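Enquirer: Please model the complete structure; the sequences and the hints are all you need to start from.
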Amino acid sequence: MKITFPHMGTTYIPVKMMLDELEVEVVLPPKSNKKTLELGTKYSPEGICVPFKIITGNIIEGIEQGADTVFMLTGCGPCRFGIFHALQNEIIRDMGYEVEFITADRFSNYQGLKEFVDQLKEASSSNHYIKILKTIRKGLKLLNEVDVLHDLGNKIRPKEINKGEVDYLFSHYENEIRKSYGYIEMMEITKSYQEKIKNVSINKSRDCLKVGIVGEIYTIIENYINFNIERKLGNMGVEVIRTTSATEFVREQLDFIPFIRSEKKKIYQAASLYLDIPIGGHAINTIGNIIRGVHNEYDGFVHLLPFTCMPEIVALSILPTIEKEQNVPIMSLVLDEMTGEAGYMTRLEAFVDLIQRRRELKNEGKSFSWY
Amino acid sequence: MKEKVFLGIDVGSVSTNIVLMNEEQALIEKMYLRTMGNPIKVLKDALHTLRDYHGDEIEIIGVGTTGSGRDLANFIVGADIVKNEITSHAIASSTYVPDVKTIIEIGGQDSKIILLRNQIVCDFAMNTVCAAGTGSFLDRQAARLGVPIESFGDIALKSKTPVRIAGRCAVFAESDMIHKQQLGYSQEDIINGLCEALVRNYLNNVGKGKDIQAPVVFQGGVAANKGIKRAFEKALKCEVYVPIHYNVMGALGAALLAQKELKKTKKTKFYGLNTADVDFQVKGFECSHCPNACEVVGIYKDGQLAARWGDKCGRWSNIDLDSPVA
Numbered sequence: 001m002k003i004t005f006p007h008m009g010t011t012y013i014p015v016k017m018m019l020d021e022l023e024v025e026v027v028l029p030p031k032s033n034k035k036t037l038e039l040g041t042k043y044s045p046e047g048i049c050v051p052f053k054i055i056t057g058n059i060i061e062g063i064e065q066g067a068d069t070v071f072m073l074t075g076c077g078p079c080r081f082g083i084f085h086a087l088q089n090e091i092i093r094d095m096g097y098e099v100e101f102i103t104a105d106r107f108s109n110y111q112g113l114k115e116f117v118d119q120l121k122e123a124s125s126s127n128h129y130i131k132i133l134k135t136i137r138k139g140l141k142l143l144n145e146v147d148v149l150h151d152l153g154n155k156i157r158p159k160e161i162n163k164g165e166v167d168y169l170f171s172h173y174e175n176e177i178r179k180s181y182g183y184i185e186m187m188e189i190t191k192s193y194q195e196k197i198k199n200v201s202i203n204k205s206r207d208c209l210k211v212g213i214v215g216e217i218y219t220i221i222e223n224y225i226n227f228n229i230e231r232k233l234g235n236m237g238v239e240v241i242r243t244t245s246a247t248e249f250v251r252e253q254l255d256f257i258p259f260i261r262s263e264k265k266k267i268y269q270a271a272s273l274y275l276d277i278p279i280g281g282h283a284i285n286t287i288g289n290i291i292r293g294v295h296n297e298y299d300g301f302v303h304l305l306p307f308t309c310m311p312e313i314v315a316l317s318i319l320p321t322i323e324k325e326q327n328v329p330i331m332s333l334v335l336d337e338m339t340g341e342a343g344y345m346t347r348l349e350a351f352v353d354l355i356q357r358r359r360e361l362k363n364e365g366k367s368f369s370w371y
Numbered sequence: 001m002k003e004k005v006f007l008g009i010d011v012g013s014v015s016t017n018i019v020l021m022n023e024e025q026a027l028i029e030k031m032y033l034r035t036m037g038n039p040i041k042v043l044k045d046a047l048h049t050l051r052d053y054h055g056d057e058i059e060i061i062g063v064g065t066t067g068s069g070r071d072l073a074n075f076i077v078g079a080d081i082v083k084n085e086i087t088s089h090a091i092a093s094s095t096y097v098p099d100v101k102t103i104i105e106i107g108g109q110d111s112k113i114i115l116l117r118n119q120i121v122c123d124f125a126m127n128t129v130c131a132a133g134t135g136s137f138l139d140r141q142a143a144r145l146g147v148p149i150e151s152f153g154d155i156a157l158k159s160k161t162p163v164r165i166a167g168r169c170a171v172f173a174e175s176d177m178i179h180k181q182q183l184g185y186s187q188e189d190i191i192n193g194l195c196e197a198l199v200r201n202y203l204n205n206v207g208k209g210k211d212i213q214a215p216v217v218f219q220g221g222v223a224a225n226k227g228i229k230r231a232f233e234k235a236l237k238c239e240v241y242v243p244i245h246y247n248v249m250g251a252l253g254a255a256l257l258a259q260k261e262l263k264k265t266k267k268t269k270f271y272g273l274n275t276a277d278v279d280f281q282v283k284g285f286e287c288s289h290c291p292n293a294c295e296v297v298g299i300y301k302d303g304q305l306a307a308r309w310g311d312k313c314g315r316w317s318n319i320d321l322d323s324p325v326a
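Residue numbers (the numbering used here), protein chains in the order written: chain A, 1 to 371; chain B, 1 to 326.
Simulated from the structure, these hints should not be mistaken for laboratory data.
Quick caveat, the model's predicted, so the values are computed rather than measured.
Be aware that a few hints might be false.
[As the list claims (entries may be wrong)] Simulated pairs of lysine-lysine, DSSO-like, Cα-Cα distance not exceeding 30 Å:
#	chain 1	residue 1	chain 2	residue 2
1	A	Lys-232	A	Lys-35
2	A	Lys-196	A	Lys-134
3	A	Lys-362	B	Lys-263
4	B	Lys-260	A	Lys-362
5	B	Lys-266	A	Lys-204
6	A	Lys-31	B	Lys-283
7	B	Lys-312	A	Lys-35
8	A	Lys-31	A	Lys-232
9	B	Lys-30	B	Lys-226
10	A	Lys-163	B	Lys-260
11	A	Lys-163	B	Lys-263
12	B	Lys-263	A	Lys-204
13	B	Lys-301	B	Lys-41
Expert: Put into structure tokens, the structure is as follows:
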């Protein structure tokens, strides 16, 4: 069996590691790129969101490279994401490929988790339950370290003295990790790059603007579709705080297990002033994370959403009220197939100008409210 | 003694605008040129013209570039400041209308709204997925009606009876307009209906949820259209100002920013008007180094590779590296 799975930012690292450990052969599709988008758009329904299109493209590219099995998350609840796998299964079949889909339902209770483990066991016929559980733990650990590395980059990038050093390290990191195999090696590389990033020479006294990235999780994490927004802002001298990560997402699913903690409760609590019930997707996280960011004195927020994303459209309609009542700038960017970056750069630059000026006024001691 | 001036360049998708502004912030020359998809040529021609007409009487002591082609323009002329068009437009408006609170800017391909409070930009928005609220939409409908775009506004002002035309989308507007024509409505009423449709679309799309307060300034190429101005006044129930230099406000903002910058730096980075004689060539290739397959563009100054951009990893910004031969 040769298994492939779609990309979402750097989540491929722990997923590949887990499959390595279970001795399943992995076909890693190329990182999402123009061709992925083209393929995905060609075979997807026109009106669906861009994450679906890219994921479909990833799956097709994986199959073209010889995979006979597709691993895909699913689950009723988050948003249309729950039916992605079913639709994609149909699409792949219509294209004439004979492949197996292994789907893991959301594992937010013991039953779901057991099904997930069973699926993994089926995929790797020779493996024991204990080994599978151990591997899942390793997966969570690596996922966490990869996210730690990522956030470290966001913290260091705006302060680096030699421009481009952090980006350079990241591109080398991904090259190395793609060639590596299994837990020990991947963990070692990740840890060593954490050290390298920490050792980048920085201007400590630089007082950076802080911008929180909120919105739909795929568009936050997959930097192909958000045109590398964290890098772009970072290189403008802004400290970017990604309010959601794959680690947090997984924790929110697994926090029924006593020793796993997520921020879910705090986020929901913070959001409750404006939205007091989860309405699917990450709408409530968007709202809650903005309020939490306001308390942490972020200078502004960039809200990312795919075109036609229902949950985020609801969040979008709440944002003007928050902007007004919390006196904080929020800029929404709708992402779709567009790959021309100039328009987004203009908006980002203007947004940074705006929050920069606000910060200056604040520092001059003028309280500044627009309303 | 040559007059000291600042040069502002706004390279937009449809037009390239150039202004010369003196130290008292008065405009002494403005050019509104069609970019025609060739910003390098347009810029060089403009520099030629400036040298021919003003070369003897002026000294350029600062340069600012803006617009979507601002980085390219910076590379060609050597700018002291490179700024996005939102900030530039805001600076220009608030210099000439100091208490402005809302700026409506409608150009060929995009439209924006900029909100200012106490002369500070506090919010802005740009159209994202649809061009139905922009100049191109009007251009197209004017062509269909056989009316020159320049007289569009005057005709709209003659309208007495309002005719409602769908503004949601250019395609809907077109079919709606044809149906109303077939029913016999007069041309001026239909044209006025189109102006109102554009304004409705703008306010529902770009201006959605924004707190629009007077004074309102209307600028960009479409501000020439009196019909649109009136439609805005009707919809917003307040007076809408169109500045004299409404079509070059971006460039003017760039010149103002250059003036500010020069107070700090003292010396300009401008390459001089003779840049007009330098030969610039652009060659692109698709990088095959990783799956990103970036479209890399290299610019050649008199045959020498001078800069490269478009790659995500930064590999090609090292100009000692040879471009792959296609």
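Enquirer: Could you grab the alpha-carbon distance between B/Lys-263 and A/Lys-204 and see if it respects the 30 Å cut-off?
Expert: Within the cut-off at roughly 28 Å; holds.
Enquirer: For a C-alpha distance cap of 30 Å, please report whether B/Lys-266 and A/Lys-204 respect it.
Expert: Holds, at about 29 Å.
Enquirer: Given the hinted pair A/Lys-163 and B/Lys-260, is their Cα-Cα distance within 30 Å?
Expert: Within the cut-off at roughly 26 Å; holds.
Enquirer: For the pair supplied as a hint, B/Lys-301 and B/Lys-41, is the alpha-carbon distance within the 30 Å limit?
Expert: holds (13 Å)
Enquirer: Does the structure keep A/Lys-362 and B/Lys-263 at a Cα separation of 30 Å or less?
Expert: holds (24 Å)
Enquirer: Within 30 Å, alpha carbon to alpha carbon, are A/Lys-163 and B/Lys-263?
Expert: holds (26 Å)
Enquirer: Given the hinted pair A/Lys-232 and A/Lys-35, is their alpha-carbon gap at most 30 Å?
Expert: holds (23 Å)
Enquirer: Is the Cα-Cα distance between A/Lys-31 and A/Lys-232 30 Å or less?
Expert: The given pair, whose Cα atoms are some 19 Å apart, holds under the 30 Å limit.
Enquirer: Verify the proposed pairing of A/Lys-31 with B/Lys-283, using a straight-line Cα cut of 30 Å.
Expert: holds (26 Å)
Enquirer: Verify the proposed pairing of A/Lys-196 with A/Lys-134, using a straight-line Cα cut of 30 Å.
Expert: The hint holds at about 29 Å.
Enquirer: Does B/Lys-30 pair with B/Lys-226 here, judged by a C-alpha cut-off of 30 Å?
Expert: holds (22 Å)
Enquirer: Given the hinted pair B/Lys-312 and A/Lys-35, is their alpha-carbon gap at most 30 Å?
Expert: Since the Cα atoms of B/Lys-312 and A/Lys-35 sit roughly 16 Å apart, the hinted pair holds (cutoff 30 Å).
In this structure, every one of the numbered hints holds.
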